[in-house]
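The chain contents come next:
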Amino acid sequence: MSEALINTVLLSLLACITIGIVRTRNLFGVVVLSGIYSLLIASVMMVLDAVDVAMTEASVGAGMSTVLLLGTLYLTKGHEMKAFKPPLLPLFVAIGVGAMLVYGTIDLPPFGAADQPVNQHVGPDYLARSKPETGIPNVVTSVLASYRGFDTLGETTVVFTAGIGILMLLRRRRKKDDTLREGEK
Amino acid sequence: MIFEEFINYYNYFITLFLMSSGLYIVVARGNMVKKLVGLGLFQTSVYLLYLSPGKILGGTPPILAEGYEVYSNPLPHVLILTAIVVGVATLGLGLALVVRIHEAYGTIEEDEIFSKGDDLQEEDNKNSTLPGDAK
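First to last, the sequence lines map onto chains Z and V. What the first sequence shows, in the numbering used here, is residues 1 to 185, in sequence order. What the second sequence shows, in the numbering used here, is residues 186 to 320, in sequence order.
Calculated directly from the structure, the hints in this document are not laboratory data. Since the structure is predicted, the reported quantities are computational estimates derived from the model, not experimental observations. There could be a bad hint or two in this list.
Claimed, not checked - In silico lysine to aspartate or glutamate, EDC-like type, Cα no more than 16 angstroms apart, as pairs:
1. LYS77/Z <-> GLU288/V
2. LYS131/Z <-> GLU254/V
3. LYS220/V <-> GLU294/V
4. LYS220/V <-> GLU3/Z
5. LYS220/V <-> ASP296/V
6. LYS301/V <-> GLU288/V
So here's chain V without its partners, still in its complex pose (with noise of 0.2 angstroms):
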């Protein structure tokens, strides 16, 4: 039956769905914040990616009980755990330089950034002052 067949394969494709919009923002969008909300879109497509596999349907969660025989693989579940953690860990850490970044140059777009670099190096020529010391 297609249907069937389509759910079968539906957490695949969407998690795939999620992976490329995660890229597409990444790659796209100037805007930092934009950027780092993208590749959680990424990270998180990649949990969905682990998790999938590990369900088992008519299963449990794999905590030990009686009266129950069938249950989900357990080390998909403690891998992803580890990366969530990292992954906020990353978040965080980018969230700060771009904090850093409007500082220093007055807007966390990556064009004018850039653009901005640009003038602020022909000044530094002339000053000798570090860019960011320069404002």
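So that you can see chain Z by itself, here it is in the shape it has in the complex (with noise of 0.2 angstroms):
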């Protein structure tokens, strides 16, 4: 009960953020409340057993993240615009698609059910056969380096490319200045 408990309390924390992230206009502030955000939901994956994602989330969400969006907002501006007109039309399609997930939530099962689907069939397997084939105590660990071994080569080539994708964006940049500097001599 405690568990659900504090989970309860983590994700209130984490809705009234999100309203905040929503209506500040001033760029520093929501970053500054994403960071918070990231904090808040690395807790919550931490109460939901998930202690391997947890971490990563309070590394990478809380920590990288944070310095990518400081290093974007010195390189541009830090205040956001009031829009020209009210959003009504994004209001309705945001209320709207909420409402029908809501609709399609009601038949899941309730939290923390140890007899739902999702945990009859390949987590409790993954479970059972993880010390004997492969000898590592974290299941995660195993699952992802050894079970799952070309998903996780999928993600680093996704890295990859995104990282060369980045070099070639900044790198433009630079031999721009270069030719700025040399029209000022």
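Mind docking these for me? Both chains are given alone in their own frames, and the hints should help you get the complex.
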């Protein structure tokens, strides 16, 4: 029961932070709020027993993303403009999608039940096979690196591609600065 | 009991709230940094949607040890680990694009870029230079 209670409190805080992110127009404030958001969601993941995910989210979400966002703010502008017209259509779309999803959620099994289908087949199978087959006590590690190694390879490819893309985008910029400086001389 | 029912589905309701707020920010806000933060909100709501059903109340994290019988489902954790790393790669690429757009147009607001793009295109027709190099 206490687990569910902690979970509820953390999720409520998360909802408050989200309202703050939607309403704030100062982009620096938005970045700080999104850092808090990542830290809170890492705590929620901790309560949901996803310790490896919580660690990754705390370092990548609260750490690296915040640094990237702050770097972008340094290179661009720090304030958001007011919209020309009230955003009625987006509001309608967001509420409509939310309502449809709530309608779809009502049939899902309740939170934390051990007998729901998602916890019946593959999960227990990995838990039973991990120790004898790979010898690693942390099942998340054994699934990530052994049973689903190709997934991880694909993920590395994606990150590599994104890195190349960033380099190409920002390198072009440095060249342009150089030509500008030469022009000033 | 109504309170228990509420607790049972609270995870999903908050997940959906985060999801529709993320969608709202991406569609309604013209500022590109804000749009990327909204995209991040949407992504994290999907993490929650995956992790919530994997939790078993009274269970422990899936690290095998003696004296524990009930473990939470490890498979969603693996999938979401991959998703987080891909998410930060997407964010980095998006922010690099924002920096590049700011150089070419001098603004990161969508409305201003559209109006400037029209002006530049008219100039373009006169001078036949690229919009990025025209500045």
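Each hint, compared with the structure:
1. LYS77/Z <-> GLU288/V: 11 angstroms, holds
2. LYS131/Z <-> GLU254/V: Satisfied, since the Cα-Cα distance of roughly 14 angstroms is no more than 16 angstroms.
3. LYS220/V <-> GLU294/V: Distance ~10 angstroms between LYS220/V and GLU294/V Cα, so the pair holds.
4. LYS220/V <-> GLU3/Z: Violated. LYS220/V to GLU3/Z sits at ~34 angstroms, over the 16 angstroms cutoff.
5. LYS220/V <-> ASP296/V: 13 angstroms, holds
6. LYS301/V <-> GLU288/V: 13 angstroms, holds
Figure legend: structure checked against the earlier numbered hints; the only hint not met is number 4.
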